[in-house]
Amino acid sequence: MGILTLENVSYVYSPSTPFEKEALHDVNIDFTEGKITGIIGHTGSGKSTVAQLLNGLLKPASGKVLLDGCDIFDPSVKLSDVRFRVGLVFQYPEYQLFEETVFRDIAFGPTNMGLDEAEIKRRVIESARFAGLDEELLGRSPFELSGGQKRRAAIAGVMAMEPEVIVLDEPAAGLDPRGRDEILSGIRRYRDEKGNTVILISHSMEDMALYSDELVVMSRGTVLVSGTVDEVFRQSALIEESGLTLPQITRVFDRLRADGVNIRDGVYTVEDGYREMLSLLKGNTNA
Amino acid sequence: MLKDITLGQFFPGSSPIHRLDPRVKLVLVVLLVVLIFSAKNIFAFSFLVLGVISLVLLSQISVKVVLKAIRPILILMLFTAIINLFWTKGTGDPIFALGFIKVWREGLVNALFMVLRIVSLVTGTSILLTYTTSPIALTDALERLLKPLKVIKVPVHEFAMMMTIALRFIPTLLEETDKIINAQKARGASLDKGNLIDKVKAFVPVLIPLFISAFRRADELACAMECRCYRGDEGRTRMKVLKMGEIDYLSIVVFLVFTAVLFFLNTLPTSISVR
Amino acid sequence: MSEMIRLDNVCFDYEADEHPDSCQGIIKNISLSIEKGTFVALLGHNGSGKSTLAKLMNGILLPNSGKVTVEGIDTADEERIWDIRRRVGMVFQNPDNQIVATTVEEDVAFGPENLGIEPSEIRRRVDKALESVHMSEYKTHSPSQLSGGQKQRIAIAGILAMEPECILFDESTAMLDPHGREEVMAQIMRLRREGMTVVLITHYMNEAVFADRVIVVNDGEIALDDTPAKVFSQVETLRSLGLDVPQVTHLAHLLAEDGYGIRRDLLFEDEAYGELSALLKK
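Chains as they are written, first to last, in my numbering: chain A, 1 to 287; chain B, 288 to 562; chain C, 563 to 844.
Treat the hints with care, as some may be off.
What the hints assert, rightly or not - In silico DMTMM-like cross-links for lysine to aspartate or glutamate, where the CA-CA straight-line distance does not exceed 20 Å:
1) K480/B with D81/A
2) K843/C with D254/A
3) K35/A with E231/A
4) K690/C with D639/C
5) K466/B with E837/C
6) K844/C with E833/C
7) K121/A with E136/A
8) K527/B with D579/C
9) K629/C with D639/C
10) K527/B with E462/B
11) K617/C with E507/B
12) K282/A with E683/C
13) K35/A with E164/A
14) K64/A with E136/A
15) K21/A with E462/B
16) K282/A with D639/C
17) K527/B with E699/C
18) K590/C with E783/C
19) K527/B with E693/C
20) K844/C with E231/A
21) K527/B with D739/C
22) K488/B with E100/A
23) K530/B with E680/C
24) K629/C with E597/C
25) K844/C with E276/A
26) K598/C with E633/C
27) K466/B with E117/A
28) K486/B with E99/A
29) K843/C with D259/A
30) K530/B with E683/C
31) K617/C with E445/B
32) K488/B with D259/A
Said to hold, decoys possible - If you want the ones that stay clear, here's a sample from chain A, every Cβ over 10 Å from chain B, calculated:
33) S62
34) R83
35) G87
36) L137
37) S185
38) L224
Calculated directly from the structure, the hints in this document are not laboratory data.
Heads up, the beta-carbon is just placed ideally off N, CA and C, and yes, glycines get one too.
The following block holds chain A by itself, in its conformation from the complex:
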């Protein structure tokens, strides 16, 4: 069993009103410790609901959310502890910055945890580094930063709490390609060095293919496919049926394979495609 598990979880919005809507139906997901897991789906697929269930902001209608094997809604478990152990970064987190300096903003979470000053300082500096923020920026007002820097400061604010699991909802939304790469590689750097579990929520197949180890594809409140990135991309037909857009390269190679070209299934990055093409072309010249 992984570090965080959803067991037969269902969730209903506005229960017993005319607006009642089942957002999740019998969802089972097992998040592996130390891995980056990407949750992909359309708006309304239930992926954001999953994010809020994971740290107890929402309570499942039925089923369990298990953290290290313990039900987080068990009366003996303090929900505030769960929130410290499972950090959640919302969409457009830069809009929650409020302190006078970037340093103090990043320190807000650790301070709420009651840590001593030296430890807080260590964590702020470390997480700023993960997020790719220069130390000289820490003394500035967060409102003087660029859009991408603000986003990174907000993410550092949650990283500084050193949660065992960090959940990020669309961390790269609205950023340009450079900003997106900086954030996603910072998140990977954090995982590589701290070994903590990361859950990314996104609707970009391309980004998730590049930055995750495992994928969960959601559709209409259920899990459609899950597994390692390779395993999931092998089910490309199923993914496309659910209305998600596959990476352009996957579609091209799927079509070539359908023509009988001997290509492995689940090509999803340019590097993959390039390697496949080279081996085919060299094979041709040899033959």
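Fit chains B and C to the supplied structure of chain A, relying on the hints for placement.
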């Protein structure tokens, strides 16, 4: 949680009341309030209640919804009823006495009439205005009714525009507040502990982002409005022109007749009347 | 073809007062001309000056030096600023912050109302604009009940009701999910077919590939200005400017660098499929 707060509970529809010119409705509401407080005896009150019931029926708004509007003021009604019941001194013997608590017949009548007034007031205004008039129509009507005040330099159009924008952004800002609260909670902020000062302090992490976001929105909105050629009231026309129709004139006539009858009933001799 | 927007040696900086003569600000001496009826994509990373450039095109910002004209009207001409704004509409990034009214149809009517148009004509335009973005059934809805893509369609309708010649989209797809982006792109493609001049500011290359012309802005200057195929085939340059290229263009680039005979200007799935099939059959 914050999203559940409904503001200006407008129920779209096409009943005669919905179709009334909002300006007429505004004026009629003011007159209705006057009428409610001029009813004096049992005949006038019965007639008034009859009038309010016909309003409800005409508007095709369900009775359930109307009762919902009354629920929040039940305590207020009870309170005024009790005050009227025990504090009205009548002539003759009290009909009920227990120690120093004495209830006269007049007190009973006053309490009953007070409750009827409050119910008619709430039902009448919500049926005529909030339930059947969209907030924008209401702002519009206010702007047009108050237009003469422009002569004495009251910025009527600007106030109306501010009201429209406020109405437009209330749901957006409520949703945003919800989001920020959740985000700060996820960072371990405790927003509901300690005494009042602690609570106010704890809300700083919510209020600052909210203000900053509101200013950013205002800035962007102003730019978008300029791009759509907004330059104040001057030379501006409206898509929906308010025009009084048959139904409006008819309703005014009906209302005047209603008023006349009510005042006549007030003069009828009866012992069941407000003191 | 006639000219829609023209920039002549335009310089701009928000703090221009401090160095009035220098041209080292956000926009550095840009000259360019946009023909009527073309679909131009303006690419560049955040802070490159692309949004500033758009705001110069409808007189929201005025150049410190140089001249911007819209159908020959100088944007600095205060008398005619409303003529310019009516001709060149703008759809912004945040769908929430450009909707003024509490119902969809009232919001679409906002622009024509400001232009002082007859009520019956406003009604006609509002109905037509809502029809064209397929939002007629939502006309009495409150904007807060709509999805991001729907809100942007309302914003587009609000501009269309002013009957403009040109629409600037200032990162109008950036905050939307893929479905919302498709909705907006479908509208842009339709407008282009109907002869509207469209300027789309974006950092999604899969939107820019549909344009007639791609202008890449970097550090206040025009770095590249050509057809999408020619611009995107310069893979190294684009990547050094912090921009993406379509995956198939990147793949073709890698293969071509290795000496394989493959077109470098592939943009679309179909083209790539054809080229790769042909290459494998050789």
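Now for the hints, and whether the structure bears them out:
Distance check on the hinted pair: K480/B and D81/A sit about 16 Å apart at the alpha-carbon level, within 20 Å; holds. A threshold of 20 Å between alpha carbons decides the hint, and for K843/C with D254/A the separation of about 17 Å falls inside it, so the pair holds. This hinted pair checks out: K35/A and E231/A have alpha carbons roughly 15 Å apart, not beyond 20 Å. For the hint pairing K690/C with D639/C, the CA-to-CA distance comes to about 32 Å; that exceeds 20 Å, so the pair is violated.
At most 20 Å may separate the alpha-carbon atoms for a hinted pair to count; K466/B and E837/C exceed this at roughly 49 Å. Restraint check for K844/C and E833/C: the C-alpha separation of about 17 Å stays at or below 20 Å, so the hint holds. Straight-line distance between C-alpha atoms of K121/A and E136/A comes to about 14 Å, which keeps the hinted pair within the 20 Å bound. Between K527/B and D579/C, the direct Cα distance comes to roughly 45 Å. Violation of the 20 Å bound is thereby established for this hinted pair.
Of the supplied pair hints, the one linking K629/C and D639/C holds, its CA atoms being roughly 11 Å apart against a limit of 20 Å. For the suggested pair K527/B and E462/B, the alpha carbons sit about 30 Å apart, so the restraint of at most 20 Å is broken. The straight-line distance between the Cα atoms of K617/C and E507/B is roughly 12 Å, inside the 20 Å bound, and the hint therefore holds. Only pairs whose Cα atoms come within 20 Å are accepted, and K282/A paired with E683/C is rejected, the gap being roughly 68 Å.
Of the supplied pair hints, the one linking K35/A and E164/A holds, its CA atoms being roughly 11 Å apart against a limit of 20 Å. For the suggested pair K64/A and E136/A, the alpha carbons sit about 44 Å apart, so the restraint of at most 20 Å is broken. Distance restraint check for K21/A and E462/B: the Cα-Cα separation of roughly 19 Å lies within the 20 Å cut-off, and the hinted pair is therefore satisfied. At most 20 Å may separate the alpha-carbon atoms for a hinted pair to count; K282/A and D639/C exceed this at roughly 65 Å.
Between K527/B and E699/C the alpha-carbon distance is near 18 Å, which keeps this suggested pair within the 20 Å criterion. Distance hint between K590/C and E783/C is fulfilled; the C-alpha atoms sit about 6 Å from each other, no more than 20 Å. The suggested pairing of K527/B with E693/C holds, with an alpha-carbon distance near 19 Å, which does not exceed 20 Å. Taking the CA atoms of K844/C and E231/A, the gap is near 32 Å; set against the 20 Å cutoff, the hint is violated.
Note on K527/B and D739/C: the hinted pairing is violated, with a Cα-Cα distance of about 35 Å set against a maximum of 20 Å. Distance check on the hinted pair: K488/B and E100/A sit about 15 Å apart at the alpha-carbon level, within 20 Å; holds. Pair hint K530/B plus E680/C holds up; C-alpha atoms about 15 Å apart against a cutoff of 20 Å. Between K629/C and E597/C the alpha-carbon distance is near 17 Å, which keeps this suggested pair within the 20 Å criterion.
Straight-line distance between C-alpha atoms of K844/C and E276/A comes to about 16 Å, which keeps the hinted pair within the 20 Å bound. Between K598/C and E633/C, the direct Cα distance comes to roughly 9 Å. Compliance with the 20 Å bound is thereby established for this hinted pair. Of the supplied pair hints, the one linking K466/B and E117/A is violated, its CA atoms being roughly 29 Å apart against a limit of 20 Å. For the hint linking K486/B to E99/A, the alpha-carbon distance of about 17 Å falls within 20 Å, and the restraint holds.
For the proposed pair K843/C and D259/A, the alpha carbon gap of about 12 Å is at most 20 Å, so the pair holds. Between K530/B and E683/C, the direct Cα distance comes to roughly 17 Å. Compliance with the 20 Å bound is thereby established for this hinted pair. Among the hinted pairs, K617/C with E445/B is inconsistent with the structure: their alpha-carbon atoms are about 26 Å apart, more than 20 Å. Straight-line distance between C-alpha atoms of K488/B and D259/A comes to about 66 Å, which puts the hinted pair past the 20 Å bound.
Separation of S62/A from chain B is adequate, the least Cβ-Cβ distance of about 22 Å exceeding the 10 Å criterion. Distance check for R83/A against chain B: the nearest CB is about 6 Å away, which does not clear 10 Å, and the non-interface claim fails. For G87/A, the requirement that its beta carbon stay farther than 10 Å from each beta carbon of chain B is not met, with the minimum near 7 Å. For L137/A, the requirement that its beta carbon stay farther than 10 Å from each beta carbon of chain B is met, with the minimum near 18 Å.
The beta carbon of S185/A is kept farther than 10 Å from every beta carbon of chain B, the shortest such distance being approximately 23 Å. At the 10 Å boundary, the C-beta of L224/A stays outside the reach of chain B, the nearest C-beta of that chain being 27 Å off.
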